[in-house]
Amino acid sequence: MNHSQGKAYEELAKIYNEKETAVKRWESNNQKIIGCIGYDVPIEILMAAGYFPVQITGDSKIKTPVADKYLEIAFDASVRAQFEKIVSGKYSYLDRIVISNSSDVLIRLYYYMRQMRRVEEELLPIPLYFFDIKFSQFRSSTLYNRERVQEFIEAVQCWTGKAILPDAMENAFNVCNENRKLLKQMQELRIADEPKVTGTEALTVIGASLYMPKEEHNKLMKKFLDEAQSAQTVKGTRIYVSGTAHEDTGFYELLEGCGVHIVGEDHDLGSRLFMGPEVSPAYPVESVTDFYQTRFPSIKKSHVRERVAAVVEQVKNTGAKGAIYFIRKSDDAASWDYPSLRKGLEAINVPVLLLDKQNYNLDNKEELQNKISEFITSISNQPGRE
Amino acid sequence: MSEEKAIKPTENKNAASVKRMQSAADASQYQREWFKDVHKRVSEGEPFDFVNADVPMEILRAMDIPFLVNQWWASLCSAKQMSGDLFGLMKEEGYPDDICNYCSMGLAAALDPNHAEAAWGGMPKPTIAIARYACDSINKLFELYAQEYGIPFYPIENTVPINTPDNWWKEVHYNWNEFFEKHRLDFMVEELKGLIRFLEQTTGKMFSETKLREVMDLINQQEEYYQKARDLIAKTKPAPVGITDTVPSVMIPQWQRGTKWAVESAKKFYEEVKDAVDKGIAVCPNERARLMWIGRGLWFNLGFYQYFEKKYDAAFIWSMYLGIAADGYLRYGDDPLRALASRFCGMEEFLHMPPWNTDWFIKAARENDIDGVVYLVPDNCTNAVEGSYFIVKALEDAGIPVLMLRADPVNAKKWNPKTMTEAVEDFLENRLGIEPNPDEEE
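These protein sequences, in sequence, are chains A and B. Under the numbering used here, the first residue of the first sequence carries the number 1, and numbering increases by one thereafter. Under the numbering used here, the first residue of the second sequence carries the number 1, and numbering increases by one thereafter.
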């Protein structure tokens with residue numbers, strides 16, 4: 001799909017494509033950099049303490065000899081790649097790594113990395129912190145989470161040796177709220193009757209926010225939103241993507257090459273990153289807890305019914321004619337949701353194409369292309385927006 | 001002990017084990033009778049819970065609510081060679097048939113239209129399903145299971161330990177309140193209180209603190225016998241029993257822990273081990289290798305272990321089942337609910353995560369004078385991984401050779417008896433230097 005955006009997008013795309021290399025642009029800010037593993041680390045608190053939080057993501061193109069030695073075959077390929085990048089020194093500039101309880105494999109990764117630091121510290125000199133957030137929708141879990149958030153604030157203050165001042169907290173919260181608001185505006189342009197933003201562009205813009213200071217991202221986002229107003233209207237069959245997170249645009253480009261307009265997704269590197277309530281600086285611990293515990297259900301941690309209800313609602317909002325459920329190998333939890341999700345979507349006349357047990361490096365593009373094209377043809381007569 | 005017979009794995013068939021201990025045979029018999037009784041009680045309208053193995057079932061025991069453990073059910077179906085058919089049903093419904101095999105058997109059975117013909121008359125219709133958020137899939141599996149039966153699902157939260165104290169097995173029996181992080185114990189106690197209220201409300205049965213104390217006391221008595229048996233096996237050469245004996249003798253009473261029968265069963269088991277020691281009975285009278293099995297038991301093929309006894313005089317004498325019974329369960333103290341919370345706060349890490357498990361395996365290997373370790377690494381379960389690199393490194397650094405096998409302990413389809421047997425034979429011959437007995441050579 002040929003679709004172009006303005007200069008702000010070009011800048012965001014550059015950062016997105018460079019990822020951890022792009023982070024170095026802001027090294028001169030004299031900010032210490034914290035690497036986050038898992039998408040549920042409360043970055044607001046790190047920012048309030050003066051840290052620059054960046055996301056550690058995998059890379060499907062790299063070989064993983066060290067991960068093959070230390071980690072298990074059962075571990076998700078992305079997690080193995082993240083580990084490889086860490087131990088190979090790609091993130092040597094990090095002051096610390098914070099891991100959130102976002103999936104079972106990340107808990108294991110934390111245990112493994114901690115043990116590695118005990119027995120072979122030279123391979124992993126970066127200190128670790130584990131943020132044990134609960135995702136169950138219960139008051140008891142909220143109370144537990146609040147204690148963990150408070151504990152996290154105290155730990156961060158201990159790292160810097162300085163108290164986080166209320167003004168700094170307020171500023172960080174406002175920046176994050178604004179960032180999520182701007183991304184929601186981008187999402188509106190994506191699902192409009194005359195869409196202006198493609199799925200690949202959305203993934204890029206959202207992803208770029210993870211490798212640059214949020215204030216800078218906000219500035220570029222405002223320009224991007226202005227420029228996107230005058231972009232061409234995106235054409236294609238409206239499709240919702242569910243399942244495993246996509247760390248690069250390869251799969252989205254593949255879909256768009258088959259005449260698809262991706263109107264939304266439920267994974268951590270897409271819409272889930274910005275969906276959720278505002279965080280209030282008046283109640284920092286409480287509102288941070290509420291945001292991370294109650295936002296759009298996580299694929300790994302939610303109950304089947306919670307996720308089905310949330311995805312069905314999303315699909316309705318985006319006006320998708322069909323959905324594609326993509327499951328990467330070892331993403332076991334996503335597999336259990338599929339039969340119920342399919343029923344839920346078919347009940348609102350949205351057919352689903354399942355692409356399961358997919359390899360991390362998408363080495364079967366031709367096969368995928370054929371399946372996707374066949375699916376798109378099969379739903380072309382469905383009612384709904386194009 | 002009854003007469004020993006050799007079991008020879010063949011290319012396509014998994015071998016059933018020969019039960020040599022009366023306590024194991026009695027336990028199997030008891031379990032059958034117990035299951036019949038559960039059927040009867042359920043048919044009379046009593047509540048019946050389906051629970052995951054890591055659920056504090058002591059609560060249910062104290063409330064006299066019959067329950068069935070997911071993993072016991074999986075081992076039974078697996079031992080009856082039913083897993084292939086059940087996973088076929090999963091596939092028909094759109095579920096994967098090649099992941100989470102150990103934990104999805106309950107859901108598979110719930111999908112079985114011919115359920116009454118299943119193992120031991122099938123699972124009675126449950127009234128509640130309970131699991132912990134111990135991995136990303138288990139809560140979904142239990143939710144779907146509960147949905148199939150139209151019953152409530154009660155999930156219990158799980159926490160992650162940050163501290164890594166040494167020698168947990170020396171601390172957790174008495175010093176558990178200080179050993180585990182306070183916030184984790186506090187939260188677990190709250191979770192248990194929630195479960196109790198939910199059960200009281202839904203079953204109409206009131207929970208009794210006195211009864212829980214009695215249950216906890218009975219469990220301590222039971223596990224003390226396992227400690228004594230474990231110590232006897234460790235120090236006796238040649239070993240009086242192997243894991244094919246100890247696993248069934250321990251596991252069934254462990255699912256029945258908190259009952260007087262379980263205490264008696266553990267006592268009988270210990271006395272049998274002691275009797276074997278006193279009479280000089282051994283798994284391998286000419287014992288040439290003492291082996292440790294790390295990983296889940298081969299439920300569908302317990303005979304696998306016995307093959308090496310005959311051919312190599314190599315006895316598998318340690319598995320986590322008796323090991324964790326002896327070291328992981330005992331809790332002494334005045335607050336039974338908090339003590340119970342502490343039993344479940346660390347169990348996963350003790351078994352599955354370094355440094356807890358690596359330190360423990362080394363301690364066990366040394367106590368048992370182990371010559372070599374066969375380690376079954378699960379290749380499709382994130383929850384069951386144990387830190388294979390760290391385990392192998394720790395044991396090999398301690399001078400104990402390790403063989404890693406990769407397989408699924410429940411799904412017989414994924415187990416190739418020939419390949420696995422050859423791997424262990426190669427390990428025995430080439431790493432441990434043990435030649436096969438001349439009359440057993442092929």
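No lab work stands behind these hints: they were computed from the structure. The C-beta atom is built at its ideal place from N, Cα and C for all residues, glycine as well. Check the hints yourself; a few may be wrong.
Said to hold, decoys possible - Straight-line Cα separation of at most 30 Å, DSS-like style, residue types lysine-lysine; simulated pairs:
id	chain 1	residue 1	chain 2	residue 2
1	B	Lys125	A	Lys162
2	A	Lys69	B	Lys211
3	A	Lys219	A	Lys7
4	B	Lys363	A	Lys329
5	B	Lys91	A	Lys329
6	A	Lys329	B	Lys393
7	B	Lys235	B	Lys125
8	A	Lys316	B	Lys36
9	A	Lys90	A	Lys63
10	A	Lys343	B	Lys91
11	B	Lys182	B	Lys170
12	B	Lys393	A	Lys63
13	A	Lys69	B	Lys393
14	A	Lys69	B	Lys228
Claimed, not checked - These stretches of chain A come out as covered by chain B in the derived footprint (C-beta under 8 Å, 3 or more residues):
id	segment
15	15 to 29
16	42 to 52
17	156 to 163
18	168 to 181
19	215 to 224
20	263 to 274
The hints, checked one at a time:
The suggested pairing of Lys125 of chain B with Lys162 of chain A is violated, with an alpha-carbon distance near 59 Å, which exceeds 30 Å. Proposed proximity of Lys69 of chain A and Lys211 of chain B is contradicted: the alpha carbons are some 49 Å apart, above 30 Å. Proposed proximity of Lys219 of chain A and Lys7 of chain A is supported: the alpha carbons are some 13 Å apart, at most 30 Å. For the hint linking Lys363 of chain B to Lys329 of chain A, the alpha-carbon distance of about 36 Å lies beyond 30 Å, and the restraint is violated.
In summary, the hint linking Lys91 of chain B to Lys329 of chain A is supported, as the alpha carbons are separated by about 17 Å, within the 30 Å threshold. Proximity of Lys329 of chain A to Lys393 of chain B is assessed by CA-CA distance (about 28 Å); at most 30 Å being required, the pair is judged to hold. Between the alpha carbons of Lys235 of chain B and Lys125 of chain B the distance comes to roughly 46 Å, so the proposed pair goes past 30 Å and is violated. With a C-alpha separation of about 50 Å, the suggested pairing of Lys316 of chain A with Lys36 of chain B is violated against the 30 Å cut-off.
Under the criterion of a C-alpha separation no larger than 30 Å, the hint pairing Lys90 of chain A with Lys63 of chain A is consistent with the structure, at around 14 Å. For the hint linking Lys343 of chain A to Lys91 of chain B, the alpha-carbon distance of about 16 Å falls within 30 Å, and the restraint holds. Distance hint between Lys182 of chain B and Lys170 of chain B is fulfilled; the C-alpha atoms sit about 19 Å from each other, no more than 30 Å. With a C-alpha separation of about 23 Å, the suggested pairing of Lys393 of chain B with Lys63 of chain A holds against the 30 Å cut-off.
The suggested pairing of Lys69 of chain A with Lys393 of chain B holds, with an alpha-carbon distance near 11 Å, which does not exceed 30 Å. Using a Cα cut-off of 30 Å, the hinted pair Lys69 of chain A and Lys228 of chain B is violated, with the two alpha carbons roughly 38 Å apart. A stretch counts as covered by a chain when three or more of its residues have a beta carbon under 8 Å from one of that chain; for the segment 15 to 29 of chain A and chain B the count is 0, and the coverage is violated. Counting residues of the segment 42 to 52 of chain A whose beta-carbon sits less than 8 Å from any beta-carbon of chain B gives 0, not enough to reach three: the coverage restraint is violated.
Here the segment 156 to 163 of chain A counts 0 residues with a CB under 8 Å from a CB of chain B, which misses the bar of 3, and the coverage is violated. Counting residues of the segment 168 to 181 of chain A whose CB lies closer than 8 Å to any CB of chain B gives 0, which falls below the minimum of 3, so the coverage claim is violated. Only residues whose C-beta sits within less than 8 Å of a C-beta in chain B count toward coverage, and the segment 215 to 224 of chain A has 0 of them, not enough to reach three; the restraint is violated. Against chain B, the segment 263 to 274 of chain A contributes 0 residues with a C-beta closer than 8 Å to a partner C-beta. That does not satisfy the three-residue criterion, and the hint is violated.
Hint compliance for this structure: hints 1, 2, 4, 7, 8, 14, 15, 16, 17, 18, 19 and 20 are not met, and every other hint is.
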